[in-house]
Amino acid sequence: EGHSQSKIAITLERSRKCIQTYLNDRSSKKLNNKIERSKTLSPSDRRLLLREASNSRLSAIALEINFKGISERDNIIKRLTTTTSLPYIYIKPYKSFRPY
1421 EGHSQSKIAI
1431 TLERSRKCIQ
1441 TYLNDRSSKK
1451 LNNKIERSKT
1461 LSPSDRRLLL
1471 REASNSRLSA
1481 IALEINFKGI
1491 SERDNIIKRL
1501 TTTTSLPYIY
1511 IKPYKSFRPY
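For the sequence shown, the working numbering puts the final residue at 1520, and the numbers step up evenly by one.
Don't take each hint at face value.
Computed Cβ-Cβ distance ranges for the label pairs, DEER-style [claimed, not checked]: (1) P1463 / S1426: 29 to 35 Å; (2) I1428 / I1481: 49 to 55 Å; (3) T1460 / L1432: 33 to 39 Å; (4) S1464 / S1435: 45 to 51 Å; (5) C1438 / S1479: 42 to 48 Å; (6) S1462 / T1431: 49 to 55 Å; (7) Q1440 / A1482: 30 to 36 Å.
No lab work stands behind these hints: they were computed from the structure.
We treat Cβ as the ideally placed atom computed from N, Cα and C, and that holds for glycine.
Generate the whole structure from the sequences, applying the supplied hints.
What follows is the structure, given as structure tokens:
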């Protein structure tokens, strides 16, 4: 990084075009599958979100309320409900939090 293609070509004793092709080739950087935005959820959080979303009784607003701030791990407590075996997320209310 920070070096020109010409300088790299002289150092490696290769043509500038060869260096340019290597730098522009996505497979050489292992970026073939990275065409999407990077994931911010852990795999367990993603599975939990999919399980909750599969519950047809929950609305989109209810899902948003349940999963708001999912990246802030200190505000989230995971526990099992007593009626079903599916876990849900409880968010500690903030001082300005008003339930609907």
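Right, here's what the structure says about each hint:
1. Between P1463 and S1426 the CB atoms are about 44 Å apart, so this pair departs from the stated range of 29 to 35 Å.
2. In this structure the hint that I1428 and I1481 lie 49 to 55 Å apart at CB holds, the actual value being about 54 Å.
3. The supplied range of 33 to 39 Å is met by T1460 and L1432, whose beta-carbon atoms lie about 38 Å from each other.
4. For S1464 paired with S1435, a C-beta distance near 49 Å keeps the hint of 45 to 51 Å intact.
5. In this structure, C1438 and S1479 break the distance hint of 42 to 48 Å, their C-beta atoms being roughly 57 Å apart.
6. For the pair S1462 and T1431, the supplied restraint of 49 to 55 Å is violated, since their beta-carbon distance comes to about 41 Å.
7. For the hinted restraint 30 to 36 Å between Q1440 and A1482, the CB-CB distance of approximately 53 Å leaves it violated.
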